[in-house]
Amino acid sequence: AQTVTQSQPEMSVQEAETVTLSCTYDTSESDYYLFWYKQPPSRQMILVIRQEAYKQQNATENRFSVNFQKAAKSFSLKISDSQLGDAAMYFCAYRSPPGNQFYFGTGTSLTVIP
Amino acid sequence: DTEVTQTPKHLVMGMTNKKSLKCEQHMGHRAMYWYKQKAKKPPELMFVYSYEKLSINESVPSRFSPECPNSSLLNLHLHALQPEDSALYLCASSAGLHPGYTFGSGTRLTVV
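Heads up: the sequence lines are chains G and Y, in that order. When we follow my numbering, the leftmost residue of the first sequence carries the number 1, and every step to the right adds one. When we follow my numbering, the leftmost residue of the second sequence carries the number 1, and every step to the right adds one.
Because the hints were derived from the structure by calculation, they are not lab data. Glycine included, each C-beta is placed from N, C-alpha and C at the ideal position. Hints should not be assumed to be uniformly reliable.
Reference excerpt, derived from the structure (chain G facing chain Y, CB under 7 Å, subset only) [unchecked claim]: (1) M45; (2) R50; (3) Y54; (4) K55; (5) R63; (6) F91; (7) S96; (8) G107.
Under 7 Å between C-beta atoms, here's a sample of chain Y residues computed to sit facing chain G [claimed, not checked]: (9) M46; (10) P69; (11) A87; (12) L88; (13) A95; (14) S105; (15) G106.
Cut-off 25 Å, straight-line C-alpha distance, at most; resulting in silico cross-link-like pairs (BS3-like, lysine-lysine) [what the hints assert, rightly or not]: (16) Y/K40 / G/K78; (17) Y/K53 / G/K78; (18) Y/K53 / Y/K36; (19) G/K55 / G/K78; (20) G/K73 / Y/K41; (21) Y/K53 / Y/K40.
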């Protein structure tokens, strides 16, 4: 079975600084998708960024970018210019088509310090 | 409409009660999911309805039963729950070939 590991249960960052959240995964598939989801205290899971495994280019969404290392099975999230609204639990997730199931990591709780 | 709507947002129920959680989406998604999430833990998959076919996580107790009246609506019927069933219940949908989920905002369930 696929596993997703987030080795940092908690992280903190000063407002306006940059922080990187780590994620590694284990799979024998060659075609899959990776995601970062954000879950603020309001509790809704919000998609932050998505990466297709067949794409070599790292995905970017405004202040959020990933470092996707397929051979190392690593998928880290970089948040630039951190804002107070970025404080949340961040989950890394894996999905391999055609299956429907997501595999979630254990999450990283991010605190943003004013 | 790009949302998954869950009702109620909060529910307190006794162990002898019967209640239902409702999830609705109007994005034409053909797959819908129920997840259970404990505090500071990742969501755990309970059920999947994909193209009218139900898939069940075998570890889910029978006191939880899903119902899919149509492709836009997914219910979760609750009966004789235990205090350890208290959790956030998340519904999600996906568009089949599209890899991402859209999540609802969840129902916070407390069993007393």
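- Task: Please write out, lowest number first, the hints stated earlier that are contradicted by the structure.
- Result: 3, 4, 5, 7, 9, 10, 11, 13, 17, 21
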